[in-house]
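Now for the letters of each chain:
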Amino acid sequence: MATVFNINTGSHTPIYAQITHQARHAVLTGRLKVGDQLPSVRALAEELVVNPNTVARAYAELSREGLLESRAGRGVFITQKRKVFSRAEGWRRLEPQLHALIGEAMTLDFTPEELREAFEEQLGKWKKTKGGE
Amino acid sequence: MSELPVIQTRGLTKYFGRKCAVDGLNLEVPRGCVFAFLGRNGSGKTTTIRMLMGLVPPTHGSGTILGHDIRALTPEVRARIGYLTEEHQLYGWMNVRESGEFQSKFFPKWNAKIYHSVVGHFALKPDAKVKDLSRGERAGLCLALTLAPEPELLMLDDPGLGLDPVARRALIESMIYLTRKSDRTIFFSSHHLSDVERVADYIAVFDRSVLRAACPLGTFQECVRQFRLRFAGTPPALPKINGLLQAIRTEGELRVTCVHANRETENTLRSLLPLEMETLPLGLEDAFINYLGERGEKTFILSEMEAKQ
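Sequences listed follow chains A and B, in order. Every letter in the first sequence is one number past the one before it in our numbering, and letter 36, counting from 1, is 36. Quick note, our numbering runs 1000 ahead of the 1-based positions in the second sequence.
Derived by calculation from the structure, the hints in this document are not laboratory data. Glycine residues also receive a C-beta, built at the ideal position from the N, C-alpha and C atoms. You may find that some hints are simply not true.
[To be verified] In silico negatives: residues of chain B with every beta carbon more than 10 Å from chain A: (1) Pro1075; (2) Leu1090; (3) Val1166; (4) Ala1232; (5) Asn1242; (6) Asn1267; (7) Leu1273; (8) Pro1274.
[Unchecked claim] Partner residues aside, some chain A positions facing chain B, computed with beta carbon under 7 Å: (9) Ser11; (10) His12; (11) Pro14; (12) Asn51.
Chain A on its own, in the form it takes in the complex:
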């Protein structure tokens, strides 16, 4: 289960944020499911060779978002993902990635039409794997 995390030093993303990003991503893609247990703060810190306070900070943030739950004496578990960001905040987080994607596509000489098609195709695949939600 802990293979979900992969830490890169020297990145402009701080280590705690790498952990939160990767946990969110793993939940979104189904690699982590509701009820799955995560290593304790101490265990993950020793496994990733990072300061335990860094892991604690990441877990605290994920708990605030409702992604994680700490059950006394039992460990840390993935809980039902509740919607935590406002729509505006969601857009604020999404926009840089859209921006980067479109920039990259234009640099590689894709036309807007091709990009739209690719987008539709990927969305179609996504719907299938998520059971047509």
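Mind docking chain B on chain A? Use the hints.
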């Protein structure tokens, strides 16, 4: 933090002849943290550590370590501090086991289990002669000798110096293992920012004898930001910006790195009417290099620690 800091200095200063090595250092190291002491070569880190250990008398200013005046440290206080220097002192004719047995005689509290686990972690053979050890193996042995007495405070002066990546990782793992005891403090100097990023709670940045930042690691990373502004032609002249560290102009682009950027900073930059402007967070290494680069302002200190107290 209500507890007394493990290390506290006020205006700590050292001159060697007319050369100032440490200039008016005010530093506080909270108990139980991993504190990284950063700075370029010759910036005064080792002199500071030696003053804190009572090995070099300050020219003026004061300091305490574990609550005791650094000018009058007793052997009892020193025994509570594990001090690892750049130059490891070992006896070449002893083997690994004998080195441990010899060292243990000097310490009433000697945890042989720790000694063996660190020695094992660095894959040292008990009967290997010290003189035949590689640089990384010697470092491992020194670390084992420093950790076995279970010091409250570890003072590691550039422990990663000259180690290969594998040995450095073993060192970092040992440091993280040590944080299992929550009241133990680790103070270390280093040039390996990737290691610092992994283990440090706090960093202090020293530059040419002066302390220029002391804050949580995350704060440092968050405070240093780079803006990239694109222009159709040559970028316009830069107006005054508070906390400016570096401004690099290239054809059609202006890159501005500053600390404590806020709405005002952004507005000032937007008033230059760039075609496009983006904000980039910097990695620790880039942030550090920008922070200590030649071009920046040298007048501010990041100190969230003081603000919290």
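Status of the hint placing Pro14/A at chain B (closest C-beta pair under 7 Å) = Since chain B brings a Cβ to about 5 Å from Pro14/A, closer than 7 Å, the hint holds.
Does His12/A meet its interface restraint, that is, does its C-beta lie within less than 7 Å of any C-beta in chain B?
-> With a closest approach of 5 Å, the His12/A hint holds.
Would you assess whether Asn1242/B, listed as outside the interface, keeps its beta-carbon beyond 10 Å of every beta-carbon in chain A?
-> The claim holds: Asn1242/B sits with its nearest Cβ about 23 Å from chain A, beyond 10 Å.
Cβ separation check - Leu1273/B to all of chain A, threshold 10 Å = holds, 20 Å
Restraint satisfaction for Ser11/A [CB to CB of chain B, less than 7 Å] = holds, 6 Å
10 Å Cβ clearance of Pro1274/B from chain A = holds, 15 Å
Beyond 10 Å from chain A, beta-carbon-wise, is Val1166/B?
-> holds, 12 Å
Looking at Leu1090/B again, its CB stays over 10 Å from all of chain A?
-> holds, 27 Å
With a cut-off of 7 Å, does the beta carbon of Asn51/A approach a beta carbon of chain B closely enough for the hint to hold?
-> holds, 5 Å
Interface exclusion of Pro1075/B relative to chain A, criterion Cβ beyond 10 Å = At roughly 32 Å from the nearest Cβ of chain A, Pro1075/B sits farther out than 10 Å, so the non-interface label holds.
Does Asn1267/B sit more than 10 Å from chain A, CB to CB?
-> holds, 19 Å
Say whether it holds or is violated: Ala1232/B keeps its Cβ farther than 10 Å from all Cβ of chain A.
-> At roughly 18 Å from the nearest Cβ of chain A, Ala1232/B sits farther out than 10 Å, so the non-interface label holds.
No hint from the list above goes unmet by this structure.
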